[in-house]
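Q: Using the hints, position chains B and C against chain A.
Chain by chain, the residues run as shown.
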Amino acid sequence: MTPDVLFKYVAVLLFVIGLYGMLSQPHMLRKILAGNLMSVGVFLFMIATAARNASITADPVPHAMVITGIVVSISVTALALMLVERIQRSSKRIHLYWWFRHPHDRDDEP
Amino acid sequence: MILNLFSIVFGLLGAVFFLAGTIGMLRFPDVFCRLHAQTKADNQGLGFIITALLLQADSVWVALKLILIWLVMLLASANISYLIGRYKLRQHSEPE
Amino acid sequence: MGPVGGVFDGLLALVLLVLSIRLLFVSSLFHAVVLFIALGLLMGLTWVRLQAPDVALAEAAIGAALTGVLFIDLLYKLTHRNNIRSSVSERLIYEQTMPRRWLTACLSALVCIALLAPLLMVAAQSPTTGAGLTPAVSAAMAATGVTHEVTAVLLNFRSFDTLLELTVLFVAVLAALTLRVMDTSSLPTAIPKPPDPLMDGLWRLLLPLLVAVSGYLLWLGSFTSGGAFQSGIVMAATIILLSLTGQRTLELLPPLVWRALLVVGLLNFIVVGAAMLMLEGAFLQYPQGWAGGLILLLEVTASLTIATALVTLVLGLSVPAMFKRYPDPR
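Protein chains in written order, with this note's numbering: chain A, 1 to 110; chain B, 1001 to 1096; chain C, 2001 to 2330.
Just chain A, same shape as in the assembly:
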């Protein structure tokens, strides 16, 4: 199995693992980590596809797209983390379960 085929499957698995974490984990920080895993999976798939022909240099177009994607992904992560901080500050919550009220949760504070 050539590296590009191997890492294509790894990319799919990373994406699905990330999706599972995104759906099932209650803590928002873990959701963001899981979302980053999903984006890593997508990047890996693109780069693996670009490297499929070992006899010529790898396709530079997906490379450029992934570099752009990495910068976008860090901006999104930074913004998401700021929102988490904000939500925690105003509602004292760190999860997104609307039906769940922790004994220490307080919604009355500004």
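Worth flagging that the hints you see were computed from the coordinates, not collected in a lab. There may be inaccurate statements among the hints.
Derived pair list, reagent style SDA-like, types lysine to any residue, alpha-carbon separation capped at 25 Å [unchecked claim]:
| no. | chain 1 | residue 1 | chain 2 | residue 2 |
| --- | --- | --- | --- | --- |
| 1 | B | K1088 | C | S2027 |
| 2 | B | K1040 | C | G2006 |
| 3 | B | K1040 | C | Y2076 |
| 4 | B | K1065 | C | V2213 |
| 5 | A | K31 | C | Y2076 |
| 6 | B | K1088 | B | M1073 |
| 7 | B | K1088 | B | Q1038 |
| 8 | B | K1040 | C | V2026 |
| 9 | A | K31 | C | W2203 |
| 10 | B | K1088 | B | A1078 |
| 11 | A | K31 | C | L2041 |
| 12 | B | K1040 | C | L2012 |
| 13 | A | K31 | C | V2026 |
| 14 | B | K1065 | B | R1027 |
Listed next, the stretches of chain C that the computed footprint assigns to chain A, with coverage defined by at least 3 CB atoms under 8 Å from CB atoms of chain A [what the hints assert, rightly or not]:
| no. | region |
| --- | --- |
| 15 | 2040–2051 |
| 16 | 2164–2170 |
Residues on chain C that point at chain A, a partial pick, calculated with CB under 8 Å [said to hold, decoys possible]:
| no. | residue |
| --- | --- |
| 17 | L2023 |
| 18 | I2072 |
| 19 | S2126 |
| 20 | P2254 |
| 21 | G2281 |
| 22 | V2314 |
Note that the structure is a prediction, hence the values are computed from the model and not measured. In this text, a Cβ means the ideal position worked out from N, Cα and C, and glycines have one as well.
A: For chains B and C alone, coordinates are given in the frame of chain A:
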């Protein structure tokens, strides 16, 4: 030919140091012992691997860059070890 | 590469998968973040294995440095709030929500397994031969003004992508600043005490070197792996490291200069694009012979903006002094 042989020997030596450092990281009981193990891997192991690569370098510039990488790594490793050690020491001496 | 390369790739793939599963299910959030940083470093190695050194350079600076700072900083803040119990104690949430959480986990697993099959089929059926766009790019290289393919794609063939990416970065910074304006109360931050002699000495050696590396990467971009992105990211990482060791960085800039740096890359792209629209009849269509110089101009400003924007995003919550000009509207 002889150069390649030396490269292989130094590369393997470096790998052994990295292996020892990693085992130490995983098995040693506290932060200070782990730092000790880690610095062995960083300084000595990387030193051997850089030596192995130096023997394969095409030009003087590549060789200089490799040496620079090793020096920066030494600098960073020493400082980070100091910071981690100091943090842990303070935690010990003044418990909250 | 032969069998050794194959074994290495297999091990790398295995470690990537184990790390990703561990970081979702390890009980401590701090461990999860550290595992994520390790994953980022190994991704850098994977990019090299897949012949993508440009991506590896970007990933090494972002995955290892910036993401780690972001997550650890937030984690520190969440744990040092007065209301510790409700903020980070995942276990309490787990225990209290057990029956419904089981349901969520089962449903999520079902969705993921249902999705896994078609995705694996896509991976199996995706092309394994063919040259992709490599020949097309190589054929058009002569007119691009640079000799490195990835830079040519980023700033010539698909420069519109880079323009949009700078826009995304700008919007993220705007949103972050809005969030910050909304609360000016002081936060506990991970910024340590005043600098100590050892760190000062380290900086005296390291700072010139890091600035040189950043400039070197920008220069490399026109003919080999490197370029505006990597250069901007290394610069951002340097400034963030400086701030984290207690030095004053962005606060030293007059607010106007800081804001100008935030927009100069985007503005330059729009101005150049519009000028080309008038001269050449197409947006960002460089005239013959001018491509190299225009790309260099765009790269320098884009790199400055990427560096400033990333520093603002990462330190946005940690450096209150940067925002002192904005009064609390309440």
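Q: All hints are to be evaluated individually against the structure, with a verdict given for each.
A: Now the hints, each set against the structure:
1. Restraint check: the Cα-Cα separation between B:K1088 and C:S2027 comes to about 22 Å, which is no more than 25 Å; the hinted pair holds.
2. Taking the CA atoms of B:K1040 and C:G2006, the gap is about 29 Å. The hint is violated against a cut of 25 Å.
3. Taken as a hint, the B:K1040 and C:Y2076 pair is broken in the structure, with Cα atoms around 30 Å apart against an allowance of 25 Å.
4. Simply put, B:K1065 and C:V2213 have alpha-carbon atoms about 11 Å apart, close enough for the 25 Å limit, and the pair holds.
5. About 18 Å separates the Cα atoms of A:K31 and C:Y2076, which keeps this hinted pair within 25 Å; it holds.
6. In summary, the hint linking B:K1088 to B:M1073 is supported, as the alpha carbons are separated by about 22 Å, within the 25 Å threshold.
7. Between B:K1088 and B:Q1038 the alpha-carbon distance is near 16 Å, which keeps this suggested pair within the 25 Å criterion.
8. This hinted pair does not check out: B:K1040 and C:V2026 have alpha carbons roughly 28 Å apart, beyond 25 Å.
9. Proposed proximity of A:K31 and C:W2203 is contradicted: the alpha carbons are some 36 Å apart, above 25 Å.
10. With a C-alpha separation of about 16 Å, the suggested pairing of B:K1088 with B:A1078 holds against the 25 Å cut-off.
11. At most 25 Å may separate the alpha-carbon atoms for a hinted pair to count; A:K31 and C:L2041 meet this at roughly 20 Å.
12. For a cut-off of 25 Å, the pair hint linking B:K1040 to C:L2012 stands: about 24 Å separates their Cα positions.
13. Only pairs whose Cα atoms come within 25 Å are accepted, and A:K31 paired with C:V2026 is accepted, the gap being roughly 14 Å.
14. Taking the CA atoms of B:K1065 and B:R1027, the gap is about 34 Å. The hint is violated against a cut of 25 Å.
15. Using a Cβ-Cβ cut-off of 8 Å, 6 residues of the region 2040–2051 of chain C lie near chain A, which meets the minimum of three, so the contact claim holds.
16. Residues of the region 2164–2170 of chain C lying with their CB closer than 8 Å to a CB of chain A number 3, which satisfies the three-residue condition for coverage.
17. For C:L2023, the interface hint holds, since its Cβ comes within 8 Å of a Cβ in chain A; the closest pair sits about 6 Å apart.
18. Because the closest C-beta pair between C:I2072 and chain A is about 11 Å apart, greater than 8 Å, the hint is violated.
19. Against a cut-off of 8 Å between C-beta atoms, the interface hint on C:S2126 holds, since the closest Cβ of chain A lies about 6 Å away.
20. Violation of the interface hint for C:P2254 is found here, the shortest Cβ-Cβ separation to chain A being roughly 24 Å, above the 8 Å cut-off.
21. Interface hint at C:G2281: violated, since its Cβ lies 25 Å from the closest Cβ of chain A, which is beyond the 8 Å cut-off.
22. Using the Cβ-Cβ criterion of 8 Å, the hint placing C:V2314 at the interface with chain A is satisfied: the shortest such distance is roughly 6 Å.
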